[in-house]
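Heads up: the sequence lines are chains A and B, in that order. Taking our numbering, the leading residue of the first sequence gets 1, the next gets one more, and so forth. Taking our numbering, the leading residue of the second sequence gets 1, the next gets one more, and so forth.
Take the hints with a grain of salt, since some may be wrong.
[As the list claims (entries may be wrong)] With a cut-off of at most 20 angstroms between alpha-carbon atoms, the simulated EDC-like pairs for lysine to aspartate or glutamate come out as follows:
1. A:Lys209 / A:Glu184
2. A:Lys96 / B:Glu10
3. B:Lys110 / B:Asp169
4. A:Lys96 / A:Glu184
5. B:Lys110 / B:Glu170
6. A:Lys209 / B:Asp169
7. A:Lys209 / B:Glu170
8. A:Lys10 / B:Asp112
9. A:Lys10 / B:Asp106
10. A:Lys10 / B:Asp176
11. A:Lys10 / B:Asp169
12. A:Lys10 / B:Glu174
13. A:Lys10 / B:Asp177
14. A:Lys96 / A:Glu187
Worth flagging that the hints you see were computed from the coordinates, not collected in a lab. Source: prediction; values computed, not measured.
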Amino acid sequence: MRTRSLELSKYLYLLPAIAFLCVLTLYPFAQSIIWSFYQYDPAKSIYKFIGLGNFSDYLLGDRFLGNAVNTFTFAFSTTGASFLIGLIVALVLNRKLRGTPIFRVILLLPLMMAPVAAGLFWKFLYNADIGLIPQLLSYIGIPRTDWTANPSLALFSVVVVDLWEWTPFMILLLLAGMQAIPLEPYESARIDGASSWQLLTRITLPQMKSTIAIAVLIRFMDALRAFDILWMLTQGGPGRVSETISVTAFIYLYLNYHVGYSAAIAVIMIIITTGISMGFVRYLTRK
Amino acid sequence: MRPTSRRLIENALSYVVLITYTLASSIPIWWVITSSFKLPRDIFTYAIIFKPTLANYSEILIGTTAGQYFGSYLHFVQNSAVVSLSTIALSLVIGTPAAFALSRFDFRGKNDVTFWILSTRMGPPIAYIIPFYMIFTRLHLLDTQFALVALYLASNLGFTIWMMKGFFDEIPHELDDAAMTDGCSRFRAFVNVLLPLTRPGLSATGIMVFLFTWNEFLYALILTQQNAETVPVSLMGYIQVLGIAWGPMTAAATLQIVVPLIFSVVVQKHLVRGLTLGAVKG
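Chain A extracted, bound-state conformation (with noise of 0.2 angstroms):
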């Protein structure tokens, strides 16, 4: 009997928390995917079930290719430059040497500028006649050229400011990683004279193995979703060389008002990111 109230108590901890969980997010997945099954328009009050419309017009229309390509591009190569400058300056940061704390604040200064604004003002910083890059790269003879609206650079412009914001992410997980690792394996290494590389290849890297897996997986979905750099800074284009499937879907339900057509969408995203995070899944708890 007691042992059964006490197993009881145990759940209460986690009820109120559960409950809002399914109120807040499973409740309006299952709202997206019934939605995903409809031509719904509220502002010509249109509700009709076209079964798979919505899902084959996208898929096979003409912007599903280009979104697919741009949204994982952008994601793989912000979250891999952000996992190795993040796990350099990491490293470094472990070593706690003096005048640490002070760069720990600098360098943590672009997580806390809001990336709607970090859009805006790297706009001008990318701005052909009066930014600080092109102006810059032209003393080393580089032309000038507007990042932004020039389509071989303009997905890579975004790359670069999502790294700016973002890396202080990644260097926190790892840094928090690092710390977490006992001191004893790293004593007896270096009694055994080993240097710092089989110091890190040895015992850091494989001791962090779930840190830097955890870590990689929430920066790779955010940028799987990314949206606020991307549209302040190029709206997706130009023409449509940027635009990733979150910007469509956003385009879809703000501009053009297609509720079910974006909630398709949304369901799109929803079976690729749980995809990939339960192979991570998959891969942390295998022994």
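On the provided structure of chain A, position chain B as indicated by the hints.
Same frame as chain A, now just chain B:
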């Protein structure tokens, strides 16, 4: 090579990395802050020496550049503050007990539940916003602080639980056992013994949630118009027919960074410890 000289080289390299990265990442910030004190003609010159002016700040505080009414900026700041603080309070109150349970109890499917909770942060925003937009329209809750808090809770509760679990995992179980053999109920052990110990965790988690909500743009853009509009959305007002009003825009961006900066300097020691990522170690 002798170990000491090797160490010297490693330290020197470390400083090179730190300084390069910090410079690259703070030049844009430096540009924003200095521009906010410049007159328009100075903004375009990158002048390092210039006559500072507060014109941009007075413009956003009492002017109407952004097509807003007098005093609207303070109204948006108030909205942002109310919404962010309510989200922090609710996520901590609801999330902390759940984090405690996930850290201390064993039950079937615990890993799945933990991961599901973390995964709620990863859903595409558009999937949340469509249904909520329609519901709030029907309930006449569009353009209210309540609507924003609901959506922010949806995207931050999972993160809160996951981060707080990391903090509880760091506290040895012996502490709650000792409290309970002294006659405390489990709930009292949680409230009186563990919660005070995780105060750094609560503040670090609060800061991260604050960063996510204070700067959030997409939900606020779609769900608010004028009444509940937040500062990030109001920045759009500086995009004007003749181009962007850079002076007021950079001033607003500078003010936007002040509050999170103060918060994170205060708790920065705990910020790193909070993300120990103990959540999915299997």
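We went through each hint and held it up to the structure:
In summary, the hint linking Lys209 of chain A to Glu184 of chain A is supported, as the alpha carbons are separated by about 18 angstroms, within the 20 angstroms threshold. Using a Cα cut-off of 20 angstroms, the hinted pair Lys96 of chain A and Glu10 of chain B holds, with the two alpha carbons roughly 13 angstroms apart. Note on Lys110 of chain B and Asp169 of chain B: the hinted pairing holds, with a Cα-Cα distance of about 15 angstroms set against a maximum of 20 angstroms. Taken as a hint, the Lys96 of chain A and Glu184 of chain A pair is honoured in the structure, with Cα atoms around 18 angstroms apart against an allowance of 20 angstroms.
The suggested pairing of Lys110 of chain B with Glu170 of chain B holds, with an alpha-carbon distance near 18 angstroms, which does not exceed 20 angstroms. In summary, the hint linking Lys209 of chain A to Asp169 of chain B is supported, as the alpha carbons are separated by about 18 angstroms, within the 20 angstroms threshold. Distance hint between Lys209 of chain A and Glu170 of chain B is fulfilled; the C-alpha atoms sit about 19 angstroms from each other, no more than 20 angstroms. Of the pairs offered as hints, the one joining Lys10 of chain A and Asp112 of chain B holds, with about 17 angstroms between alpha carbons and a cut-off of 20 angstroms not exceeded.
A distance of roughly 9 angstroms separates the Cα atoms of Lys10 of chain A and Asp106 of chain B; the hinted pair therefore holds under the 20 angstroms criterion. The hinted pair formed by Lys10 of chain A and Asp176 of chain B meets the criterion: a straight-line CA distance of about 15 angstroms does not exceed 20 angstroms. Taken as a hint, the Lys10 of chain A and Asp169 of chain B pair is honoured in the structure, with Cα atoms around 17 angstroms apart against an allowance of 20 angstroms. With a C-alpha separation of about 18 angstroms, the suggested pair Lys10 of chain A and Glu174 of chain B falls inside the 20 angstroms cut-off, and the hint holds.
Our distance criterion of 20 angstroms between C-alpha atoms is met by Lys10 of chain A and Asp177 of chain B, whose separation comes to about 16 angstroms. Of the pairs offered as hints, the one joining Lys96 of chain A and Glu187 of chain A holds, with about 16 angstroms between alpha carbons and a cut-off of 20 angstroms not exceeded.
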